[in-house]
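Q: One line per chain: the protein sequences are R and E, in this order. Numbered according to the working numbering, the first sequence spans residues 91 to 744. Numbered according to the working numbering, the second sequence spans residues 2 to 728.
Don't read these hints as lab results, they were simulated from the structure. What you were told as hints is all true, and nothing was included just to trick you.
Only pairs whose alpha carbons sit at most 25 Å apart, straight line, appear in this in silico SDA-like list of lysine to any residue:
# : chain 1 : residue 1 : chain 2 : residue 2
1 : R       : Lys676    : E       : Leu20
2 : R       : Lys557    : E       : Pro241
3 : R       : Lys557    : E       : Val242
As the structure is a computational prediction, the values presented were derived from the model and not from experiment.
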Amino acid sequence: MELPPRWAVLLFLLLSSTKASRSAVDKEEFQEELLLKPLPDRKVLAHFHFESRAPRNSNGRRHLHLFPKAISQMVEKFRVKEMELSFTQGRWNYERWGGFDTMSSNNAKPPGVELWAVFDVPKEQVDASWKNLTHTLSGLFCASINFLESSTMYSAPDWSFRQASGHLRYGMLPREAVCTENLTPWLKLLPCRDNAGLSALMDRPSIYTSFYHSQRLHLTSNASDLEGLNPGIVLEQTLTVVLHPRSQRTILTHISESYLQPSWSLSSIFGRKVNGRCALAKSSKVYLQLERGLVSELKKNIGSEGYDGEANFELSVNPDRVLKEENSRHGIGSSLLYEFSVDKYSNSKPFDLGLTWKFPVIWSCQQAPLHAIRFLMGSGNERGAIAILLKSTDLNDSSPGADRSSDGCELHVNIFQIVPWYIRVYYHSLQLFVDDQLKAVGAFVEKIHVMPSKDKISPGMMEMVLKLPCGVKSAALTLDFDKGFLHIDEYPPDANQGFDIPSAAISFPNFHASMHFPSNDSERKSPMLSKFQESSPVLSYTEVLLVPLTTPDFSMPYNVITITCTVFALYFGSLLNVLRQRVGEKERLLKSKATAVKTGRPSELLSRLSAKLRGRSQEPSQSPSESSPLINSKLVLKVLLMAALAVAWQYYFG
Amino acid sequence: MPKTETGTPKMKPRPIVRLGIFLISHSLLVCVVCCTAGVLALLLLPLLAKNTYISENALMPGSASSMISNRDISEANRLASDLSGLNFEPQDAAALESRGILTKYMSDLGAEVSYHKFHHKPNQFHPLHFFSSPDSTSSVKNFSCSAHGLNTVGIIRAPRGDGKEAIVLVTPYKFGKRGATYKFGKSGAAETLSLSIAYTVFSLLSRVTWLAKDIIWFVADSQYGEYAPVEAWLRDYHLPVFTGLGTLNADTCIKIDDLYVFEQKSIAQRKISDGFRRAGTMAAALILKVADRNELLEDTLNIYAEASNGQMPNLDLINIVNYLAVHRQGLRVKVEKVLTLLDSRWLEILGEIFELLGKVARSLNPGWKFGISAADYIEGSATLASSLYYQALGIPTGPHGAFRDFQVDAITLEISPKVFPHNKARHNEFLLRGGRLVEGVIRSINNLLEKFHQSFFLYMLTSPSKFVSVGVYMIAFALLVAPLPLVAASLYADANQLDLGVKNTKSTPTATASDELDITFRSWKWLYAAREVFLIHVWGAAVLLLPYFICQIPNCSPTSSTVIWVFLSMLSLLILYLIGVSPSTHVSISQPEEKGEWAILKSATISVVFIGLLVMSVVNFAAAEIGALLLVPMCLMAQPLKLDMKVGKLRSFLRIICNVVLGFVAFPPAAFFVVKTIFEGFDSIDMGDFWNWMESLWAWNSATYIYIGMVHLPCWVLCIHILLHSC
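Sequences are here, hints too, so could you generate the full structure?
A: Shown next, in the form of structure tokens:
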């Protein structure tokens with residue numbers, strides 16, 4: 091009888107609490123956004139950004155409306171503070187698609203799978219949490235992320251990748267093939283999946299024939315609002331695709347004098363249109379970004395100060411707003427953002443943004459201060475060297491030079507590199523060439539942290555801060571390595587392809603890519619724009635390297651077994667033979683035979699016994715010298731007989 | 002073999018020992034049988050050749066239909082006409098212009114274009130750098146600005162690939178060096194044609210979506226030969242030098258500014274970085290050439306595969322090219338053969354004999370199919386001979402050799418058109434065929450997930466679709482070499498009057514004390530022989546180094562160089578002989594016996610020949626094989642002429658003749674000239690040819706050079722020494 095009132099009270103409390111939270115900002119919400127950006131090499135970048143937020147609850151037993159339960163459970167269970175998982179196919183072209191904006195530093199990822207996570211657990215439990223996390227994610231995303239569980243695959247960078255002393259784990263799987271089976275579970279985390287809203291644009295064939303696509307999942311959770319942030323989990327899902335507008339392809343090639351950018355529309359690059367927003371989304375917006383270089387080029391073409399540049403191109407849909415970057419530092423120009431709200435579109439009136447260029451325009455993207463190339467040196471199966479070459483990109487000083495002049499002329503470069511254990515890097519052989527001259531390492535390295543690899547236990551890791559003069563033309567680092575041997579069952583399938591060295595991350599801590607757009611205070615800023623506003627260091631990844639190692643001939647286990655058995659038989663046979671005989675045994679034996687003294691040796695006894703059984707007197711044993719010709723002739727006869735038989739057999743039946 | 006002094010029955014040695022003793026005691030018979038069998042096995046090789054097959058299933062050649070369209074071809078034609086429409090008055094400007102055109106076309110396709118500068122340095126012999134072939138340090142110093150070249154490299158990044166691997170397509174092209182002769186000369190046209198084929202493929206590959214590996218199109222500036230630019234580029238690719246060189250080049254030699262000026266003019270305004278661009282690990286390389294000679298029957302494809310020191314690319318690479326060329330494009334595929342062998346009489350007779358034998362065998366049992374027709378046999382052995390020769394020479398037959406030095410499989414495809422295509426339709430058809438062939442090969446390699454490892458690396462071709470694998474051609478060599486240790490052992494035993502326990506079991510008297518001393522003394526006698534052999538080998542090494550000094554003499558013609566070389570070698574041999582080797586030093590100590598001294602010397606020589614040949618067979622099998630053919634009979638036959646003179650029978654007379662002939666033939670220069678006379682006729686003989694030949698050997702770091710100096714020549718000298726021995 092006492093139950094109902096308690097129930098009621100509990101229910102009331104719960105309701106009131108949700109109401110309270112709903113009235114506050116941090117209720118569950120979902121926002122979807124799409125950014126489109128023409129790239130200098132006639133391609134189009136599409137960047138989907140979905141953000142789900144859920145308030146962090148204390149008892150952990152709340153019903154979730156929008157936020158994926160799997161993720162929230164995972165965060166609760168493994169106490170993930172921050173995590174990022176990315177699946178990437180293709181390479182981000184830093185030279186053509188830009189290396190100095192938030193897009194490239196946040197969304198350009200190395201090929202394959204990259205996973206890092208910061209845990210909110212004591213240091214000694216981090217590894218266990220990581221292992222569990224990898225297995226969970228592996229199940230969640232149908233990928234072999236569980237291979238990151240083994241301690242040879244991940245490492246714990248201290249400061250070069252992200253400041254998280256001891257709680258960060260980082261692993262990469264460069265060879266992971268990315269396909270729809272990874273995209274579908276990722277889409278399942280969205281409240282509308284790909285049935286409505288912007289995600290309906292994700293036509294699988296057009297995404298997977300793209301030049302680059304990277305699907306990313308970024309998770310931050312704040313347990314308490316100590317840091318001034320709202321407590322809760324923020325799940326950021328992005329998909330970055332670089333597409334080639336296909337329909338124009340046939341026309342524009344071979345009209346080489348016309349450098350008109352291809353015109354495109356959503357329906358031409360994705361084959362689909364947007365039929366309204368996802369009903370569960372708080373906002374649903376499409377942006378078209380014209381980057382700084384393009385805007386300044388357009389201005390030049392027009393010759394006026396007006397920022398619209400509409401004379402150069404034509405949009406099929408009128409933008410709801412035009413945002414201009416608030417630019418204080420870069421004098422070159424500021425990027426433009428056209429905002430379209432999808433709210434007012436529906437099935438009957440789908441949203442199909444199109445862009446038609448009228449005049450040729452050529453621009454280039456902003457480059458990171460140094461362009462990083464990593465490659466292998468040497469040939470053969472024995473040893474080699476890894477080289478990281480940093481080249482200055484400002485050949486025609488288009489890159490931002492503002493910081494550089496003010497900054498006391500120092501260029502900091504963070505290098506973070508993991509090398510699998512079977513590539514035995516000799517870190518003492520680090521050589522540094524600055525502007526084609528061999529320099530002492532100590533003069534330019536501000537900070538270095540090296541964890542040599544342990545065979546079959548942990549990979550080698552190098553974190554380093556280079557302090558280069560800012561007028562540097564090029565800097566090269568080389569590290570020698572020996573190639574190790576693996577045990578036969580450690581070879582992956584297709585071992586003859588070679589082994590991968592995962593990408594190195596190169597970041598420039600005193601260069602920050604951020605874009606500020608004016609915010610109207612009436613509504614909350616869109617998550618993507620606030621992401622743009624966050625100042626993040628310029629980060630780029632280098633190429634994955636392929637090291638050919640010596641591989642056993644897997645196709646010949648039988649031969650190996652045969653040879654080994656033969657060797658063993660020969661060895662043990664002769665060894666036993668030697669061990670069995672005493673020194674001088676043979677001579678004594680011969681002597682005893684010659685004197686014809688019949689002793690009671692078992693063999694003699696046996697032969698005598700058998701002779702008796704047959705009822706014949708035993709023949710005296712013949713000396714070998716006498717018997718050999720007889721045996722020989724018999725043997726020859728037998729061999730001849732066999733040969734004749736064989737020939738006859740071959741002739742008649744063969 | 003210790004004997005028991007007692008009267009008991011003799012102990013029976015182990016069977017394997019008995020077998021050995023048996024063989025040694027019948028060494029003469031074994032020699033004859035093995036050598037004949039060895040030569041016979043070599044002659045039988047064309048019969049034993051197997052058909053090639055594609056071993057790696059992932060390659061899947063020809064399983065996709067070709068995608069080259071007429072548009073690619075018309076673009077390529079436009080490129081060709083742009084290139085040939087240039088005004089060739091100032092050569093440098095023409096080179097610049099044509100390079101610019103090429104760059105523009107490449108970058109219009111979306112490729113990353115870069116230039117690669119290299120300095121041609123003529124091959125310098127340096128004894129210390131012999132085996133350290135891909136060294137980077139030596140290239141830094143002393144280059145002259147006149148001898149530089151500029152290669153153009155275009156890279157297509159595979160759209161969805163991870164950039165770990167790359168396929169290289171090489172077309173040699175002489176930028177601007179064609180001058181006025183271009184209009185009529187064919188070479189320029191042929192090169193432009195190869196460029197158009199490559200461009201056709203390149204333009205296709207820039208569009209396709211199936212690429213998994215990056216494509217590098219390397220247009221080699223072939224004004225200093227085709228090998229040098231490829232080699233320089235590969236070295237910079239694999240072993241870059243970070244210090245100093247880059248700035249030095251840019252400042253002094255190349256007019257990079259001009260290039261940029263040109264680029265500015267172009268509408269593209271794309272930056273052409275002078276930086277070295279890379280793609281990942283190279284999976285394979287194709288060198289594409291169009292020959293300027295015309296074929297009689299149909300379009301043919303010549304395949305060149307031999308790299309330095311007899312290394313060959315994986316057989317699968319040749320297989321896919323052969324398969325696609327024959328079954329898809331209908332080209333006639335050829336590999337190099339020794340043409341003079343084709344109409345040699347003895348080979349024909351041999352072929353007929355084998356054919357007859359095959360027929361007989363087939364009549365006995367239809368299942369036995371080892372006979373081939375005489376014509377096939379002749380073709381096969383001519384190809385095999387050329388294969389053997391080029392492998393033995395150790396000089397790469399084309400730019401593909403440079404790739405093999407970095408463990409990249411590469412072959413040269415030389416397409417020669419039937420009629421030089423002047424009319425448009427024929428021209429386009431030729432481009433289409435060539436383009437489809439290259440496309441198919443690249444697509445096959447692109448399919449490959451692992452590197453080439455399935456098929457053979459050690460093989461010889463007897464026709465484009467037939468090969469002899471290592472397991473088969475080893476037999477001939479093994480048979481030739483097998484009698485050497487036996488003869489050495491038997492000679493040693495004879496000379497020391499050792500009793501091997503078989504020949505004379507009862508004749509040996511009991512040893513007295515003085516005899517024992519004699520035996521111990523005799524058993525150490527081989528040291529004198531060993532010393533002599535060693536000294537002669539040191540002399541051989543010295544002879545090897547002589548060309549380095551002769552090269553320093555200015556204005557020396559090949560003929561005079563040869564003469565100087567021979568003279569110096571003889572002189573040093575004489576000095577050596579006077580100092581150390583003269584037999585008088587120890588002849589007084591040991592009483593000359595009936596066979597003694599020369600037999601031990603011969604035994605030591607034969608042992609050294611055996612070891613040398615075995616070592617060489619690991620380094621370069623073909624060279625060892627040819628060496629064994631020359632050396633083994635001579636070494637086995639060698640016997641002091643004096644002995645035979647004394648006897649004066651027909652048999653010994655024959656032996657003298659044999660010895661003299663073999664001794665003459667096995668002398669390297671003599672062998673060279675004999676072969677040259679046989680193949681080219683007597684009138685083309687020139688002393689300088691030998692010098693040139695040897696020079697090319699050391700310039701290409703061929704191990705055959707070392708072999709000739711360290712094994713062949715000393716052993717020949719020792720054999721001559723035995724022949725002239727005063728017993």
